[in-house]
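Undergrad: Sequence:
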Amino acid sequence: RRLADLFCAAGVPCEAVEDLAKIRWEKLVWNIPFNGLCALTGRDVTELLAHAPSAELVREMMEEVVAAANAQNLSRPLDGGAFIDRMLQMTAAMDHYRPSMMIDRLEGRPLELESIYAIPLERARAAGRPMLRVDMLYRLLDLGERFLAQ
Numbered sequence: 021r022r023l024a025d026l027f028c029a030a031g032v033p034c035e036a037v038e039d040l041a042k043i044r045w046e047k048l049v050w051n052i053p054f055n056g057l058c059a060l061t062g063r064d065v066t067e068l069l070a071h072a073p074s075a076e077l078v079r080e081m082m083e084e085v086v087a088a089a090n091a092q093n094l095s096r097p098l099d100g101g102a103f104i105d106r107m108l109q110m111t112a113a114m115d116h117y118r119p120s121m122m123i124d125r126l127e128g129r130p131l132e133l134e135s136i137y138a139i140p141l142e143r144a145r146a147a148g149r150p151m152l153r154v155d156m157l158y159r160l161l162d163l164g165e166r167f168l169a170q
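The sequence shown maps to residues 21 to 170 in my numbering.
Keep in mind that the hints were calculated from the coordinates and are not lab data.
Any given hint could turn out to be false.
With a straight-line cut-off of 20 Å between C-alpha atoms, the simulated EDC-like cross-links for lysine to aspartate or glutamate are [as the list claims (entries may be wrong)]:
#1 47 with 83
#2 42 with 142
#3 47 with 64
#4 47 with 134
#5 47 with 127
#6 42 with 105
Model, not experiment: these values are computed from the prediction.
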């Protein structure tokens with residue numbers, strides 16, 4: 021809390037949070053499907069949501085992440101349906117947004133697979149909530165990284 025107060029006093033907008041793990045998982049609900057699918061397909065968020073099968077896959081991945089998050093003993097569980105609906109509404113308003121992982125892929129930079137996929141997948145498995153769709157996306161992205169590195 022003291023650090024947040026120092027930032028605010030310096031004019032930097034900041035908010036202290038009680039449950040950092042919860043905030044990280046909330047961020048992963050969006051980052052996992054959109055970063056990965058956009059990087060894999062080369063299509064932006066608007067294009068993904070406009071294609072019914074990919075929009076359905078995005079929602080299913082978000083549901084997997086919420087279930088894994090809620091198995092992590094967070095201070096308060098994520099309200100999956102409402103939270104996902106808000107995330108999708110927010111994303112629909114982003115006109116042709118290209119997530120950072122998509123840009124990294126297009127510019128030939130390494131992808132953040134460890135922090136966005138490998139660690140959450142391991143934590144989900146350890147909590148008894150494997151994320152099968154997310155795991156497949158991770159494997160495809162990793163495979164692409166290996167071939168592109170050659």
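Undergrad: I'd like to know which numbered hints this structure contradicts. Please list them from smallest to largest.
TA: Number 5 - this is the single hint that the structure violates.
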